[in-house]
Amino acid sequence: MVVKIGFLSLAHMHAFSYAQALNSIKECKLVGVYDSDKERGEKGARDMKTEFFADPRTLLEQVDAVIICSENSRHREFTELAASYGRHVLCEKPIATTREDGQAMIKACEKAGVKLQIAFPVRFATPAMRVKEMLDQGQIGDVLAISGTNHGQMPGGWFVDPVLAGGGAVMDHTVHVVDLIRWFLGKEFVSVYAEADSMLWDVDIDDCGMLSMEMEGGVIVTQDPSWSRPRTNPTWGDVTLRIVGTKGVIDLDAFAQNFVVYDDVKNKISERSFAEDMDFGLIEDFIHMIIEDREPSISGYDGLKAMEVALAAYESARMNKPVTLS
Amino acid sequence: MIRVGVVGCGIIGRIHCEALQEVPGCELVVVADVELANRERAKKEFGVSAVGSVEEMLAEFDVDLVDICVPTYLHEAVMTQAMRAKKHIFCEKPLARSLEEGQRLVALSAGYDKKIGIGHVVRFAPAYEGIRQSVLQGEIGQAGVVRTFRGGSQFPVGWQDWFADFDRSGGVIVDLLIHDLDYCRWLFGDVERVYAKTTQGRTTARLEHAMVVLRFKNGVIAHVEGSWTNFPGQFYTAVEVAGTDGLISFDSRKTNPIVTATVPDTRAQIGPTAVNPYALELEDMVQAIKEDRPPLVSIDDAFATLEVALAASRSARTGQVVEL
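Residue numbers (this note's numbering), protein chains in the order written: chain A, 1293 to 1618; chain B, 232 to 555.
Among the clues, some could well be false.
Stated by the list, open to error - The calculated lysine to aspartate or glutamate pairs, modelled on EDC-like cross-linking and capped at a C-alpha distance of 16 Å, are:
no.	chain 1	residue 1	chain 2	residue 2
1	B	Lys-345	B	Asp-295
2	A	Lys-1613	B	Glu-554
3	A	Lys-1539	A	Glu-1402
4	A	Lys-1321	A	Glu-1372
5	A	Lys-1296	A	Glu-1343
6	A	Lys-1613	B	Asp-532
Unchecked claim - Some chain A residues well away from chain B (every beta-carbon gap over 12 Å; in silico):
no.	residue
7	His-1306
8	Gln-1312
9	Leu-1373
10	Lys-1399
11	Trp-1519
12	Asp-1543
13	Gln-1549
14	Phe-1551
15	Asp-1555
16	Asn-1612
Hints listed in this document are in silico derivations from the structure and should not be mistaken for laboratory results.
The structure presented is a predicted model; accordingly, all values stated were derived computationally and were not measured.
Note that the Cβ used here is the ideal one computed from N, Cα and C, for glycine as well.
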């Protein structure tokens, strides 16, 4: 079986990495790209060596599943459209910008009998998978505390548009770490306190913040989602977790596997990864899930729970007090 | 020549005694410690007199400066005695264990005509001083987000295991993170509010991990983290300051110019600087006396830092935000 895939929007740059994975997996075929921005869609389709579709419906008629890389606030409309055509969905994170939208997406896919998976690729980073095994084996005993970071550079574009993105750094960079920790521990977050502000860049949206949370069973967690990497940073950012247990500590730096290139011509120092491509792992898992007709490894519910933490963080930052999650 | 008496010659008192050997213009003449073993060790190592109590020290020795290195919960009692004896005073951090103790000491120090300095030694650490200069010079523009880490080494064992008695030590936040809370105050000024979490009370394991989120009045958001572990780990510290024009990043694990491995198997990472921060803070104290000026860290300054640490501690206990 060859799974036919289409992109609904290329607004999120992760689409290009996903396309690379699609083009190297033989059980799937990239059929085409729809984008409401015709210029971006046509250029993207050329780069991906695939076809541009001016109407998403025409594309949907020809595929088994879609990957949605639109602006966050448009995830719902594209998911509902795909579900109405009976197509499976891999949706970029965060699932949506409101609880209602996230729930509607889950409901639409359930009703149509199609799979909905959320793109949290860090679960497919080899170091993260290894840490999951170590924790499951009880190598550091019971987990008591976690301190996480998901730093990045300021992405600009629609990411700093409150309506299209649904939030700034906190929305963009909380959900990865929250999802990873939910997966590691199999526990839910029960309270969130956050500071969020625009302190670093000339943008009208939170570009930095700090979350302090508690999980079921009293595990304490902090998370730094700030767009605090400068333009001169040798890489885009980081995902790190310090996990403190009753019998030891694990320091995870998910993207530590780099060598450094000093380039006098471009006047630039950059870190180059030699790790396995986590986006490939995510896409391969999605394709195999469809072929094997199993449940998604990262469900719409997982996406909803991660987004709820980010939304609670904004509520907390507005009120300057901790917020309890239901 | 400033004549110095060190009160409490355990872990930190011994470090002060060593540092005092390097400080010009002063002389360590006597130590006071209730433990015979500590007295004998000090006599042997530093060739000084040793007595069993601060009372004996004050009665029998003519010292100019009393250097207080007893456990935190005894600071108030010893400092009060030293003030009654009209001595110059240097006291290890934290100033005191509780707000009330701190307030009484501050009240007692009003109009005191001798010098009082508090040992917030991180202000004298070369890397931290360098980072401060860089921030103050605006090299990274306006600071926005700050992270610090301190810890990784094994839960300390002090006299009568007082560190493990959180009523006496305050644990990681009050004893250890107070260094970084003081440093952040030094850089960014007053704290608006604090929200903190710690494993204290959440486990019976002999460890503590604490994470403090601060909002400063100037808008800076800070994450101050640290630990005492239940295994023999490597102590390290880290600082990161992100600003509008760049980022400053320091991790002591990456700044060891000498790494050794030997037969039999011992490994060490050594980061020597020619200056010893403990000697620098004591030199500042001695110079303050000689020049009749305030020492770098005043009792009022140390009290303000203690207020932040105790606010963090209270937040961790109650689960609520504490406004300062």
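Of all the hints given earlier, name the ones this structure violates by number, lowest first. Hints 3, 4, 6, 11, 12, 16 contradicted; others consistent.
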